[in-house]
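Now for the letters of each chain:
There are 4 protein chains.
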Amino acid sequence: MSTVNDNPAISDTEKVSSPLWAKDLPLDAAIHRFTVGRDPELDLALYGFDCIASAAHVRMLASVDLLAHSDASALLGALQTQYALSVSGAVRIEDSQEDCHTALEAALVAATGEAGKRIHLARSRNDQVLVALRLYLRAHLNELSADVLALARVLAQFADDFKTAAMPGYTHMRKAMPSSFGLWAAGYAEALVEELDASVGVYARIDRCPLGAAAGYGVPLPIDRAMTAQLLGFAKVQRAATDCMNSRGRHEQALLDWCVSVANSLEKLLWDLSLFSTAEFGFLQLPDSYTTGSSIMPQKRNPDVIELARAKCRALRGISETHRTIMTGLPGSYHRDFQLGKAPLMEGVQTLGELLRVVTSLIPALKVNQGAAKAACTDELYAAEAAYQLVAGGMAFRDAYRIIAAQVTAATFVPPVQHEMSVGHIGSASNLALEQLSAELDAHQQTLKRRGDCYQHIARTIWDAS
Amino acid sequence: MSTVNDNPAISDTEKVSSPLWAKDLPLDAAIHRFTVGRDPELDLALYGFDCIASAAHVRMLASVDLLAHSDASALLGALQTQYALSVSGAVRIEDSQEDCHTALEAALVAATGEAGKRIHLARSRNDQVLVALRLYLRAHLNELSADVLALARVLAQFADDFKTAAMPGYTHMRKAMPSSFGLWAAGYAEALVEELDASVGVYARIDRCPLGAAAGYGVPLPIDRAMTAQLLGFAKVQRAATDCMNSRGRHEQALLDWCVSVANSLEKLLWDLSLFSTAEFGFLQLPDSYTTGSSIMPQKRNPDVIELARAKCRALRGISETHRTIMTGLPGSYHRDFQLGKAPLMEGVQTLGELLRVVTSLIPALKVNQGAAKAACTDELYAAEAAYQLVAGGMAFRDAYRIIAAQVTAATFVPPVQHEMSVGHIGSASNLALEQLSAELDAHQQTLKRRGDCYQHIARTIWDAS
Amino acid sequence: MSTVNDNPAISDTEKVSSPLWAKDLPLDAAIHRFTVGRDPELDLALYGFDCIASAAHVRMLASVDLLAHSDASALLGALQTQYALSVSGAVRIEDSQEDCHTALEAALVAATGEAGKRIHLARSRNDQVLVALRLYLRAHLNELSADVLALARVLAQFADDFKTAAMPGYTHMRKAMPSSFGLWAAGYAEALVEELDASVGVYARIDRCPLGAAAGYGVPLPIDRAMTAQLLGFAKVQRAATDCMNSRGRHEQALLDWCVSVANSLEKLLWDLSLFSTAEFGFLQLPDSYTTGSSIMPQKRNPDVIELARAKCRALRGISETHRTIMTGLPGSYHRDFQLGKAPLMEGVQTLGELLRVVTSLIPALKVNQGAAKAACTDELYAAEAAYQLVAGGMAFRDAYRIIAAQVTAATFVPPVQHEMSVGHIGSASNLALEQLSAELDAHQQTLKRRGDCYQHIARTIWDAS
Amino acid sequence: MSTVNDNPAISDTEKVSSPLWAKDLPLDAAIHRFTVGRDPELDLALYGFDCIASAAHVRMLASVDLLAHSDASALLGALQTQYALSVSGAVRIEDSQEDCHTALEAALVAATGEAGKRIHLARSRNDQVLVALRLYLRAHLNELSADVLALARVLAQFADDFKTAAMPGYTHMRKAMPSSFGLWAAGYAEALVEELDASVGVYARIDRCPLGAAAGYGVPLPIDRAMTAQLLGFAKVQRAATDCMNSRGRHEQALLDWCVSVANSLEKLLWDLSLFSTAEFGFLQLPDSYTTGSSIMPQKRNPDVIELARAKCRALRGISETHRTIMTGLPGSYHRDFQLGKAPLMEGVQTLGELLRVVTSLIPALKVNQGAAKAACTDELYAAEAAYQLVAGGMAFRDAYRIIAAQVTAATFVPPVQHEMSVGHIGSASNLALEQLSAELDAHQQTLKRRGDCYQHIARTIWDAS
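Protein chains in written order, with this note's numbering: chain F, 1 to 466; chain X, 1001 to 1466; chain P, 2001 to 2466; chain E, 3001 to 3466.
Since the hints were derived computationally from the structure, they do not count as laboratory data.
Possibly wrong hints are sitting among the right ones.
One-sided excerpt, in silico: chain P residues whose CB lies under 10 Å from chain E [as the list claims (entries may be wrong)]:
| id | residue |
| --- | --- |
| 1 | Ala2115 |
| 2 | Ala2122 |
| 3 | Met2173 |
| 4 | Pro2178 |
| 5 | Ala2189 |
| 6 | Gly2212 |
| 7 | Val2219 |
| 8 | Pro2220 |
| 9 | Tyr2388 |
| 10 | Val2391 |
| 11 | Gly2393 |
| 12 | Cys2454 |
| 13 | Gln2456 |
Chain X side only, calculated, beta carbon under 10 Å to chain P, not exhaustive [stated by the list, open to error]:
| id | residue |
| --- | --- |
| 14 | Ala1110 |
| 15 | Ser1124 |
| 16 | Asn1126 |
| 17 | Gln1128 |
| 18 | Ser1274 |
| 19 | Thr1292 |
| 20 | Arg1301 |
| 21 | Pro1303 |
| 22 | Ala1309 |
| 23 | Ile1326 |
| 24 | Met1327 |
| 25 | Leu1330 |
| 26 | Gln1339 |
Just so you have them, the derived chain E footprint on chain X, three or more residues with Cβ under 8 Å [what the hints assert, rightly or not]:
| id | stretch |
| --- | --- |
| 27 | 1170 to 1178 |
| 28 | 1383 to 1391 |
Cβ atoms here follow ideal geometry from the backbone N, Cα and C, with glycine treated the same way.
Between the sequences and the hints, there should be enough to build the whole structure, so can you do that?
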């Protein structure tokens, strides 16, 4: 978004009398800019993937004799060069080139001449962008999963470090039962393990190859779709050409929905940090490097990082919903409307990555005020346990509950002498099962590593048609 | 929502002078009604699940000697009775009982006396509603999956019936390439198979047992959480008590996100039906039973069913987002805010079910105007094929494209004589791979059947502690 | 939403083998139910308005000689009867009648015979529902405004009662500057005045009459649209018939957007109450009647009313967005999709009304812990004032700020001796300008009263054609 | 959003083993970047407004003797210089400067030395950004209103040009009644007039001055808030300092809600254009400059501009909702979360502006196929009129309706001979009341002009303290 020179204060009255759409541009240029939008910037994130997918397409065309092997070789060499440029950040897409697909084809024609004019046989920009996006989704889901895993690790470590540090457990933001910093952190770590589990299903959904669907109706040529899917490491071919086109937005949304679910857990954690680090609660202290001052009040240290991270959780929900709103509401098949979905997709992916990394850096830096938290574990936290002791003596729970409630009201309640939890069931403060958590994280790490290795293998070998 | 007697036109001025919150009620009753909300109505959908989960809890309590076996037997009998009442639709929850949990406990006390006062030992309403919701989610995901499968079947049948019926393929709502009714329907069927695949991941996320988390901090009693999880057929225990509480809303949302994804495909299909059945397109005719008349225009037959179904797709997005908005934005642990999530959850589940069933009934009743659709396959649809024929003669695709484009502009374009697709790659109109689709559906049907059998087995055997 | 008998646990496997859409219904009945939806329930809120608007239509038809005066008299009498039944809550709309318009026409035919068959001349159900909704919106905006005004009054009273009661002012949920309960409450009261100001613009938007637009293209008859607009008390005719139809959803959304803005202020207030009433903050105490207990913890008093009210603020945002999602995304003119917008509209209106009334009842019942709040006004709140005193001595603010900040860091900061705000600018704790607030509320009360009188006048006189 | 170098395909495995948040940055720099976010870019749009508001603040401080007149003069000169730089697009905000407020203060200190360190007396960055945003909102609402007015003008002109050009009127996307291109366009023009009416209420809401609220609790200094409000041309002071802070997001949202309402009308118009310009409908033809080709199909001209504009209508809904989600869900007072609201606010404002300007340029370029549209006005459009002719002969409407309906079904229907609408009521195709529309637009243009003149006057004179 360009906001430079955005000075309506002085341009208002001119505007009223000026019907022109884009004042400084002739009509064609103005419309070109409107249709191009942010593609030249956003498509940089797709350029490398387009190179890889195009290489698979070239190899397939050659294998079914729709492209001469000499042309294929030239194209693969040029694609490898473009990929290397993309990895090094040297690619630029001009406004006049519109998007990564035109820019790439132009580069190929420049490098290979006639061969470059042959590469678009048997495909459309529609399946070209679909497959590039699919590779983008696959790679970013894997990367974000790695970020989730890293955060789960530091939370598990925190839980282990503070597994005996008592704190009040809250419900309704009111003191409820005895808890611990360990149980607090272990809960968030387990939520992230669940997200890693869920990411497997999202990955499977994404892991199908749309290349060959062309504009949504296939091509009257004997292309080998299984071959391109296999070369790109996809688990399966997305068969019906119509479904390929109809899935624009669907897979992106699956990733975003997952991102939002992850962020919703982070939001709770950040809210907890915000509350527990107030002077009034006082259980945690934020490191100075994560706070900032006020412009008017000399005494203040504000938890800006936490607040911004919390707001990003809400922003991510909005971004995901913006994507959904843009990508729905239309008949089947391709519509240009879909172009606008790329911005919220990429913004959402980036937002979650930032969020995960900032929280991961913060957790080990938190200072736990164990004394204050312990002191806050006041008698009434043990009211349920006291009722249980009456039950142990034979009383029905509902009767025991009423007796203890009456004691609390009358201020005569005395907590049980031995109120440490001697027998801890799984998932309670005294039985966090962190080894199990750790084993689950190890298993996910193996999966992520295996996928990453696969991507690297493809990026090394796809250029070689022999 | 009660809208009876909602006549602001006459009550306005009284209102201005009346500060009372609920005019006809004393304060306590008004607040009771505010807090109870729609629970007495909505919780009927949870009552049976609460019975089953409570039976598991009772059996576990008895097994660890926290409940006498005689009490357990009495409670199991009473729970089975309540479950049967629930299944037969005979349960009513009074406003004074607030929700299904209170109503059930009251029924148990009435039936078993002292034993009924012992059942709430070692649990809280927090984990009680969590596990009931979890069972609800599990069962409804399975049921909705069956509905998705049923629709995929009729679409696959439609695709088979009309696999040779030509129609224009559209992009940008403009004629693009040759297509067929078979390819159109097969695409939607495949989208639904993908949703069935995805439902497996959602199911796995849901399939963990929160019972025993109590208020989010466990209980100081030696309960056996693995036992209740196993009795209820869950794949695993959701361990950390804090995570159990933090997951309120998370699993519901996972189901709703899936529902929305399914509905987004239906929306495209319904939009297609709406367009293709206009007089202007004329490819399809809606059966009379799915249209209605106008109050002013004697000639009209309006596609109301399609429009309402399409609107329900949008409504479902709103409902899901309402659920998300309600269930997020809070610190960790339980807050009463969560109660309001039940209404959009249940409304979303019901909306998708209705949608799927009405579309499933409609597809076989569609009348295909094969002649009109074939006639609409005008010459320009074959421009890409004509370019490919030039390529076959050795020309680069980009050059062939320009030559054909010039012919079209000059109105000299003549389509290739033999323009039927002799070599059909997978996923094109001439190679729909419907057997593969069918095999995938069969596999899913087995999974759904197995789960359904498991639920029935639990509902028959959970009452027997011996 | 019907959830009775919703027992998927036992019906699952049958479902898999049953392709029927609504098992117990023949197709026509099932489709009828699908299209009718919740109209018989929701339309009760429109029935009375439909009577009034129909009376205006009848009088206009008679005045331009499209209806005999004897028919008009008969119809007006029957409409008045139906209106009275509606006001008394005696109307029922059968499923077979679909909606209020059919039910009303049936009642008129039953009461007047042939005359009843003449009333639908020169109108369509499209403009009939539009005008009924417009009257609904107008009346409910006025009623909700009265509720807003009532809450602003109790907040202004609270501000006056506690205008000298000190409390810390927070930013970032951290202590910032000296404040007072008076300033806290006066801020919310002023926000509500702004909403009342804004409601005037919303009202003006709604206050235009669509009757006569028919199905969106007018009628080839010499109807007098100005007359019906005037009879119904509208400020103007909504002229273009196409715009009338295109405005379905637009005016409803304007009301809902306003409702959401009001609720967003309430949300802040409720969050404040939630925080300030924790033991950790301790500035406010909720009356017992607004709290509830826990099923597991005998000691607890939970702020359920506040939490549910806070959640309703979020729910309202979701409901409003659901309405927007349903009512957009379509070409111009009428589509049956619009029917689904009535439910979220009415749910939103009801939600805000409940919210306003429960908060209005709560504010006067709050117990302020003045001592605790005063004690929480610790020295650092006066750091900015101390810097200002240095500025008074000639120092630049930025230098003064650094000196005081260093003192605070070094724990040598001593607050200014005389730190009460002697010179209070407008809008500060010592100058709340409550008289001005009160005058603004009085002015709005006059407006609301005048509108309410107008509605009553119409409801008394519209039936008299002479 | 930076997407350069975003190549996860190759960085994945490194990521798994790298816990660092921002790989290339030390912690402090990484956190600085996280907190700064997009402010250096976005705040350019606020810089000029901050200059103007700061000038008012300086003049007020001098007038109440909190600033020496020599300092005031120096500051006003420097502020005028900065404003001129901003207008000319020469300002840059460095990452290290965080935002426009710090950048501006740094520039003032550089230019005026000691005086620059005195300007922040009696204000906080909180009210500083509030007042700058308020000026931004005010100016952009006026500018967007001018854009709305310009579009309404071309629509009114189109309506006048084609007021006798017949076309079918549709409901449910099915032919319904006779209509005209004039009535089609006049409806959209009237919708925009309603939005201009509504903008007056939005403007009034925004038109209150928050300067002096400081951090939300005022300042213990005798500032003159009425003076700054008057200097900046605000209609009133936003009094309670707490309300000022609580209004962050509220006024922005009021503008965005209005933007969305405008866009919702544009969406209908764009959908109509999309449909009516298909070959199947064929009533309109898009100018070539607004269409683009396909990469695979040589024959295609796609309506990309219309589709992108339509998608921007949906995107705007998402952007507005993102803003709402970010700015709500928090207790009262300031939280750093609010910073993130600037991006969707500015993106929303820019999106609507682009939309309005591209549609305004398109309308006069549309080619109307009058012959085809006239030919599409087939007999059944006149069925209602035929029923009305029977009514004229004494029959009840319901009986006439049934007779004509039976004729249509039996294909014996013959339309009335004289079916032109001789008596056209207001808002029908034969009585568009365009003069009235024009007068309304003239009145709004005067208002917009007056406001624009006021802004210019302020921008010329605010720098002069004498």
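Okay, the hints, checked on the actual structure:
1. Ala2115: Hint holds; Ala2115(P) Cβ to chain E Cβ min 8 Å, cut 10 Å.
2. Ala2122: Interface hint status for Ala2122(P): holds (8 Å vs cutoff 10 Å).
3. Met2173: Where the cut-off is 10 Å and the nearest Cβ of chain E is about 7 Å from Met2173(P), the hint holds.
4. Pro2178: holds (7 Å)
5. Ala2189: holds (8 Å)
6. Gly2212: With Cβ-Cβ at 6 Å, under 10 Å, it holds.
7. Val2219: holds (7 Å)
8. Pro2220: holds (4 Å)
9. Tyr2388: holds (6 Å)
10. Val2391: holds (6 Å)
11. Gly2393: Check failed: Cβ of Gly2393(P) comes no nearer than 13 Å to chain E, outside 10 Å.
12. Cys2454: violated (20 Å)
13. Gln2456: Status violated, d = 26 Å.
14. Ala1110: violated (18 Å)
15. Ser1124: OK, holds: Ser1124(X) within 10 Å of chain P, min 4 Å.
16. Asn1126: holds (8 Å)
17. Gln1128: holds (8 Å)
18. Ser1274: Holds - the Cβ of Ser1274(X) comes within 10 Å of chain P, reaching about 9 Å at its closest.
19. Thr1292: Thr1292(X) check passes; min Cβ-Cβ to chain P is 7 Å, inside 10 Å.
20. Arg1301: violated (12 Å)
21. Pro1303: holds (8 Å)
22. Ala1309: Ala1309(X) check passes; min Cβ-Cβ to chain P is 8 Å, inside 10 Å.
23. Ile1326: holds (5 Å)
24. Met1327: holds (9 Å)
25. Leu1330: holds (9 Å)
26. Gln1339: With Cβ-Cβ at 7 Å, under 10 Å, it holds.
27. 1170 to 1178: n = 7 at 8 Å, threshold three: holds.
28. 1383 to 1391: holds (count 4)
Checked against the numbered hints above, the structure violates hints 11, 12, 13, 14 and 20; every other hint is satisfied.
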